[in-house]
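S.K.: Okay, here's what each chain looks like letter by letter:
2 protein chains.
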Amino acid sequence: MLIIGEKLNSTISRVREAIKSKDKNFIQGLARRQVEAGAEMLDVNTAMGVENEPADMEWLVRAVQEVVDVPLCIDSTNPEAIKRALQAHRGKAMVNSISLEKQRLEGILPLALEYGCSVVALTMDEKGIPDSSAERVGIAERLMEIAEKTNLNREDVYFDPLVLPLAVNDRNAVTFFESLAEIKQRLKARTISGLSNVSHSLPKRRLINRYFLTICMSLGMDAAILDPLDQQLMTAVMATNLLLNRDPMCRKYLKAYRAGSLVE
Amino acid sequence: MLIIGEKLNSTISRVREAIKSKDKNFIQGLARRQVEAGAEMLDVNTAMGVENEPADMEWLVRAVQEVVDVPLCIDSTNPEAIKRALQAHRGKAMVNSISLEKQRLEGILPLALEYGCSVVALTMDEKGIPDSSAERVGIAERLMEIAEKTNLNREDVYFDPLVLPLAVNDRNAVTFFESLAEIKQRLKARTISGLSNVSHSLPKRRLINRYFLTICMSLGMDAAILDPLDQQLMTAVMATNLLLNRDPMCRKYLKAYRAGSLVE
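So the protein lines, in turn, are chains Z and F.
The first sequence begins at 15 in the numbering used here and counts up by one.
The second sequence begins at 15 in the numbering used here and counts up by one.
Bound-form chain Z, shown alone:
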């Protein structure tokens, strides 16, 4: 499973300040620490409370790629910011995100094609996020048809079935799991998710997020946007990979144990 670090996000106030003040040192430190902790890609977001999203995004992409050698996940709804990011980006980026919403499809999908990116595809349309897994899978199918028509590679589309908070509806995680399993089995497509929505407004959120991730991994989820600095979470990834036969001879697990980085 591809691990995408979530920390370079302007919704986090300290990060927002650093983007505002162009505090390269802070940004680069946070980029390095995430990669050292196991992130294979970094999400970058400059949308919140910042005046010039396109300029900030370009600055952020350049600052991060000066110090780490991983591709970035360009997290924006602003086509101009995405374009500036992709122009500055080295390697194959991911664009986060398209959906069946007209504005996103027309504004963002062409950029992903032009720059040869992978994309996160949200299973929602103009009416929002459907309640049922069947409708979400239906949207994924339509998005896959569009992707194939436009010659976007199948394996460059990561569907996010959009988990909503359990505190709002007891069934929200199950609806997500059903959608994920169905997209994997029927569409044979790649899948992705963030972890934090599921636990919104519940106590001990990181605990819930961790077991959520284990279930997602057991269903074959291909990528996760998460906090790689959460050592208990990264330990969950190790243990789950071990259980799912994705750690030959238990080597990574034992190496992490010897390094003292398995945290119960």
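Hints are computed from structural coordinates only; laboratory data are not their basis.
A pair counts as met if it fits within one copy or between any two copies, since identical chains are not told apart.
Below, a list of computed lysine-lysine pairs in the DSS-like style, where the Cα atoms sit at most 25 Å apart:
# : residue 1 : residue 2
1 : Lys-218   : Lys-266
2 : Lys-38    : Lys-106
3 : Lys-163   : Lys-202
4 : Lys-163   : Lys-116
5 : Lys-106   : Lys-163
6 : Lys-218   : Lys-269
Based on these hints, arrange chain F on the given structure of chain Z.
M.R.: The following block gives chain F in isolation, referenced to the frame of chain Z:
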């Protein structure tokens, strides 16, 4: 999921000593603590290093049921010990275990029928535990046919697909998950497992056991024999029930949080 406390087991040296010396106080304390921690049934085992298994088993059953109001899981391969346990037992016991081995089928299944018990049915035969999930499910099917012929209720059979250590073979947990899923889907039968085999001879075993349990629960496992005094494990059960829509309005999770019993 039915939680069966595993601690009253003569393979644990302190418990073995207490059985030998008929230390009722210790045994009853351990029984009480497991039930208070959430066990809905208690496994009892007197096989190891004790001279008279049938007499010890009868003593253990009586001692435990003097102080807790839960049924017991009679864990023995000795038909005489099982018989003495069932004669002494109040309520509906579980017998642990039958298999396709002739000795167990002929010696133990009739007792389960006579005393109206549920049974743990291991997916193994005279040749041992098959490598493939297909063969294990095949054994489960034959056991289910036998159970139905003898008028044992379908829902009184808990199949254990027998997890083997990951340290021996990387695929062992996956083979178990496949068998479990297939027994649930194709046979529509109940399933059960212990947690500790999977992590045998690896470091930080309780960590592995915990994520193993979460995956088992997501596959619909009906019962687990576990250590209810492991607070992190019981927290995993809470969080997983929450995610799988088995905790209406998040009530149990929030109650455990307020009681301070959620341990990350």
